[in-house]
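J.: Here is how the chains run, residue by residue.
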Amino acid sequence: MENSILNIINLKFGYKIPLCEQEVNLSANIGDLICLVGLNGSGKSTFLNTISGILKPISGKIIIDGQDVKKLSLNNKSKLISFVPTKIDFTANLTVRELAEMGRSPYTNVFDKKSEADIKLVEKNLNDFDLLKLQNRQLWSLSDGERQKAMIARALIQETPLMILDEPSAFLDYEMKHQLMRKLKEISTNKCLIFSSHDIETSTKFATKIWFINKSKFEVLSPMEFIENHYKKSI
Amino acid sequence: MKKTKLTIKFILLSVFLIFLGLLDLLSGSIQISVSDIFNYIFSSNTESEFYLLLKEFRFPRMSMAILAGASLSISGLIMQTLFRNPLAGPDILGISSGASLGVAIVVLGGSYLFGNHFYHASNYITLIAAGIGAASILGLILIISYKLRDILSILIIGILLAGIISAIVNILQYFATGINVKSFVVWTMGSLTASSSKDLLLASPIILIFVLLAFSLSKNLNLMLLGENFAKTMGVNIKLLRILSFTIVSILTGVITVYCGPIGFVGIAVPHISRWIFNTSNHFVLIPASALLGGIFMLCGDILSNLFTSNGNLPINAITAILAAPFIIWVVFKNKRTFV
Amino acid sequence: MKFIYFLIFNFLVLFLLNSCNNQHIKTEEGQTIPNKYATDFEIQEISDGYILKVKNRFDQTNSGTYNYYLSYEPESSPNSNVTIPIPVSKVACLSTSHIAFISTLNKTSSIKGISTPELVCNSDVSKLYAQGKIYNIGYDNQINYEKIISISPDVVFAFGVDNTSVSKFQKLTDLGIPVVFVNDFTEAKPLGRSEWIKFFACFYDKLNFATEYFDSIENNYLNIKSSIPQTTEKPKVLVSLPWKGTWWVPGGNSFFANFINDAGGEYIFSNNNHSDSQGLNIEEVFAKAKNISFWLNPNNVNTKTEILSIDNRLEFFEPYKTAKIYNNNLKENQAGGNDFWESGILHPDIILLDLKTIFHQDSTNIHNLYYYKQIN
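Protein chains in written order, with the numbering used here: chain A, 1 to 235; chain B, 1 to 340; chain C, 1 to 376.
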């Protein structure tokens with residue numbers, strides 16, 4: 001427990017009223033690819049928003065890499081957690097390259113000066129995601145899948161030990177869903193990834209752990225356990 | 001947007017700005033020539049025929065046009081980003097209205113408050129009153145921003161504030177006597193010709209400093225482009241960003257309103273023109289671009305206002321409205337999908 | 001029997017015709033009393049009173065003229081005229097210049113309602129107001145109609161400024177209170193403005209008095225005018241102050257420009273026919289105001305420092321450095337009411353004497369300035 005990258009202690013989360021009856025106690029390690037499942041309205045997004053710092057917890061502690069998140073500056077927090085939202089409103093003239101480079105903003109100065117190492121990192125990740133040839137294209141002109149890739153690339157460029165993804169496969173076709181899961185598996189070798197999903201069948205093939213919000217209670221299960229005890233029973 | 005293309009565009013715009021500046025110096029009731037201007041700049045002869053004209057009238061007017069254009073455009077850009085609203089402008093928080101209230105109280109209500117002994121309609125008094133009015137609204141907005149989370153709520157309160165102030169000003173106008181109403185109405189029409197070289201000396205350093213401060217917010221403003229939640233996860237302190245932005249916008253807008261009266265439309269239109277010409281939303285590019293284009297816009301307005309009347313005193317507000325509206329409409333139609 | 005009916009029928013017809021004729025006589029134009037200088041009013045004497053015509057330059061809907069029918073024997077008036085029984089005993093005035101006219105006729109006691117009492121310079125009226133014998137009836141957009149009705153004046157003297165003026169007073173005319181528009185302030189000639197005393201006199205049956213008074217004022221004025229030394233080099237004169245980059249100056253044919261001309265000065269912006277003010281670019285005034293001897297009427301300043309507070313560039317303005325500056329606010333009261341525009345209207349001769357003294361300063365001038373003071 002002590003070497004975990006993420007320790008959630010006695011957490012109560014929600015907007016004003018806690019969404020869970022009990023306090024939540026969880027931990028996660030480097031190498032984990034955790035899938036957060038639960039029915040609609042169970043509070044998956046709220047939970048992920050709370051861990052990633054968008055929402056304040058009602059009570060309890062979140063420890064990342066041994067540091068209490070409440071005591072961290074916003075800048076330092078952004079070096080520990082990166083967040084990939086489900087979908088973003090692309091009303092700006094942003095290129096793929098510009099989005100990717102945003103990943104380095106926790107490390108650059110006020111004028112966003114990027115070092116050679118920064119630039120190399122950006123280009124490497126764009127290459128890995130096959131986005132180099134698209135890098136000067138504006139985001140709104142890409143397909144959903146390409147946009148998703150750009151977002152995840154940006155999160156990788158942020159070089160955080162913990163990465164949170166909110167329903168990353170929501171708008172992807174079946175082929176892309178698989179590609180995405182394979183990529184996440186690859187990333188999770190030296191990071192801790194937590195993602196939420198409704199696609200049980202694909203997710204359970206790749207996830208190392210399932211966090212299941214079951215009637216306002218958090219359960220930690222192995223994928224097999226979840227499928228046998230809950231999934232098969234409900235369909 | 002490749003680096004070289006960017007540089008070329010900036011150079012072209014700068015050249016255009018200088019050209020318009022020269023044209024503006026030549027505009028006015030008194031005819032002068034280009035050589036007169038060069039003589040003024042390069043010689044130290046204070047007794048030459050047009051020395052006073054250029055020093056106290058043409059140069060301040062030209063400089064105020066550029067400063068006003070730059071300040072209002074940058075302010076409009078920042079407001080459009082923070083409020084995620086393409087029609088936001090520098091006055092969205094009611095700063096100009098606050099300045100109007102200050103001037104209204106002093107010009108319209110002065111005779112009630114002070115009778116004959118206090119020369120209430122003096123220029124200095126209106127400057128100070130406008131400044132206090134703008135600062136008061138800023139203070140109010142800062143308190144509200146600190147307490148409220150939701151940007152939409154701040155927007156609504158800003159609009160309501162402007163509405164209340166407008167009502168109070170109307171009441172003051174209603175009870176005032178003819179001459180004072182005329183003075184006040186003239187102020188509301190905006191004027192670039194009211195500033196002297198002394199005024200310029202005081203205003204320009206303030207504007208320059210705050211324009212640079214605005215530029216330093218670019219990185220965080222860029223991160224706001226994908227929404228507040230995204231910005232938070234990238235380490236942006238939203239409340240602090242709002243407070244800093246509102247302060248910078250209020251000072252820029254407030255100083256210009258104090259010296260030139262309330263000037264509308266520039267702040268809304270020019271950011272769109274910048275986005276269109278440079279095809280980007282990157283604030284590191286847009287802020288200097290808006291400054292240049294804002295200056296160009298106001299110089300055009302001033303040159304036009306001197307063309308159409310023999311005494312060059314068409315209210316600047318009328319000109320900016322006429323010039324800006326088609327741009328706004330055109331840019332909206334051209335870029336239906338990207339506003340911010 | 002048929003003959004009697006025929007006679008009765010004839011009498012009826014004659015009677016009706018006679019009445020119609022009487023009406024017809026009332027709408028007929030009377031004997032015009034020509035004015036010497038005023039152009040914006042006309043007095044026509046008729047059998048039972050006067051017809052007064054006022055030219056309104058601002059109202060396009062009313063074909064430019066208001067007609068007022070004043071009668072010693074008021075009967076039902078013809079449609080287009082306003083009937084006012086004279087002589088009047090109670091009036092309300094919306095301008096301080098009206099007070100000046102009426103008090104010159106020694107009829108101050110008839111004034112029962114005034115506007116902006118704090119701006120009134122006439123001490124009798126101020127005293128009566130303080131004693132509660134005169135009421136404040138409001139001004140501009142907030143006329144206190146109820147107050148006026150409670151006074152129940154025989155006539156309200158107003159001034160027309162734009163198209164809304166007539167409709168503004170419709171309430172009063174509907175209730176039978178006549179409203180008369182006095183446009184003395186649109187007269188371009190100084191003596192023309194003073195001549196409006198005759199207009200007011202018609203209401204009080206003092207036309208002869210007014211004519212005598214006016215003739216004596218005119219006499220004084222012309223004497224002073226002819227006593228002004230004719231120099232080949234007339235002193236150059238500048239008027240007023242800028243505001244926010246625009247300098248509003250009187251037109252070449254305006255009231256004040258005519259004064260300057262009559263006093264032997266050369267008004268530098270007289271090269272036009274405007275009778276109202278023009279807005280000039282401040283840089284133009286700076287360029288053209290050279291060799292100015294006298295700078296008059298700088299709004300309502302009292303010192304040269306106050307001039308600088310209007311626009312700090314005036315420090316470099318040649319007239320600021322070299323001209324003699326005079327303002328017409330010596331007789332200004334606490335609240336800013338200026339007697340120049342009140343009693344001054346009836347004393348163009350004193351104003352002219354003031355200007356003559358200012359323009360032609362030599363040891364023979366012993367007149368103490370009455371409306372003007374020097375600004376230092």
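The set of hints was computed from the structure by calculation and includes no laboratory data. Honestly, I wouldn't trust all of these hints.
Derived list of chain C stretches under chain B, where covered just means 3 residues or more per stretch with a C-beta under 8 Å from a C-beta of chain B [stated by the list, open to error]: (1) 212-224; (2) 254-263; (3) 283-291; (4) 306-314.
The beta-carbon is built from N, C-alpha and C at its ideal position, and this holds for glycine as well.
J.: Confirm or reject each hint.
T.: Here is how each hint holds up against the structure:
1. 212-224: violated (count 0)
2. 254-263: violated (count 0)
3. 283-291: holds (count 4)
4. 306-314: That given contact holds, which follows from 6 residues of the region 306-314 of chain C lying within Cβ reach (below 8 Å) of chain B.
Hint violations for this structure: numbers 1 and 2, all remaining hints satisfied.
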